[in-house]
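K.L.:
1 is the number of the first residue of the sequence shown in this note's numbering; add one for each residue after it.
To be clear, the hints were calculated from the coordinates, so they are not data collected in a lab.
Note that the structure is predicted; figures quoted are calculated from it, not measured.
All C-beta atoms, glycine included, are put in the ideal place defined by N, C-alpha and C.
The reader is advised that the hints may include incorrect statements.
Claimed, not checked - Label pairs and their computed distance ranges (CB to CB): (1) Thr88 - Lys49: 37 to 47 Å; (2) Ser34 - Arg95: 51 to 61 Å; (3) Gln42 - Glu66: 16 to 26 Å; (4) Gly89 - Lys60: 16 to 26 Å; (5) Ser97 - Ala75: 32 to 42 Å; (6) Ser97 - Ser45: 55 to 65 Å; (7) Glu66 - Arg95: 41 to 51 Å; (8) His30 - Ser55: 51 to 61 Å; (9) Arg95 - Asn2: 34 to 44 Å; (10) His64 - Arg8: 12 to 22 Å; (11) Pro6 - Ser97: 32 to 42 Å; (12) Pro50 - Arg8: 13 to 23 Å; (13) Ser20 - Ser97: 54 to 64 Å.
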Amino acid sequence: MNGLPPLRALHYFHQAALHSSFSVAAEHLHVTHSAISHQIRQLESWMGKPLFVRSHGRVKLTSHGERLLLSCQQAFSELRSSCESIRTGLLQQIRVSCAPSSLSQWLI
Numbered sequence: 001m002n003g004l005p006p007l008r009a010l011h012y013f014h015q016a017a018l019h020s021s022f023s024v025a026a027e028h029l030h031v032t033h034s035a036i037s038h039q040i041r042q043l044e045s046w047m048g049k050p051l052f053v054r055s056h057g058r059v060k061l062t063s064h065g066e067r068l069l070l071s072c073q074q075a076f077s078e079l080r081s082s083c084e085s086i087r088t089g090l091l092q093q094i095r096v097s098c099a100p101s102s103l104s105q106w107l108i
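Build out the structure end to end from the sequences listed, making use of the hints.
P.N.:
See the structure below:
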């Protein structure tokens, strides 16, 4: 997992990008504005690139931020889908049955 930034930072980034505001993201996530800002700064430091252009309380994604947002949306969608199927037990199972005499020949 060393090749990935912290999941919390990605989650906060995703919310800030969707709302175009650190304050609205903070309200949505029930955390402080400074918690969002801190995670975004850490993520930008980890990436080595700015992800947002900050201006008058609003934020706008840079081209790097737009690219990361798309990746986050795809990854979180896949995670959400997998977690839901695991949680509800919708994984497909295959049951194989055969006569005991056939099974004993196959296993030996």
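K.L.:
Does each hint hold? Answer for all of them.
P.N.:
Verification of the hints:
1. Thr88 - Lys49: 37 to 47 Å: 38 Å Cβ-Cβ, so the 37 to 47 Å window holds.
2. Ser34 - Arg95: 51 to 61 Å: 54 Å, holds
3. Gln42 - Glu66: 16 to 26 Å: Since glutamine 42 and glutamate 66 have Cβ atoms about 20 Å apart, the given range 16 to 26 Å holds.
4. Gly89 - Lys60: 16 to 26 Å: 42 Å, violated
5. Ser97 - Ala75: 32 to 42 Å: 39 Å, holds
6. Ser97 - Ser45: 55 to 65 Å: 57 Å, holds
7. Glu66 - Arg95: 41 to 51 Å: About 46 Å separates the Cβ atoms of glutamate 66 and arginine 95, which means 41 to 51 Å holds.
8. His30 - Ser55: 51 to 61 Å: 26 Å, violated
9. Arg95 - Asn2: 34 to 44 Å: 40 Å, holds
10. His64 - Arg8: 12 to 22 Å: Holds, since histidine 64 and arginine 8 (Cβ atoms, about 19 Å apart) stay within the stated range.
11. Pro6 - Ser97: 32 to 42 Å: 47 Å, violated
12. Pro50 - Arg8: 13 to 23 Å: With a Cβ separation near 19 Å, proline 50 and arginine 8 satisfy 13 to 23 Å, so the hint holds.
13. Ser20 - Ser97: 54 to 64 Å: 56 Å, holds
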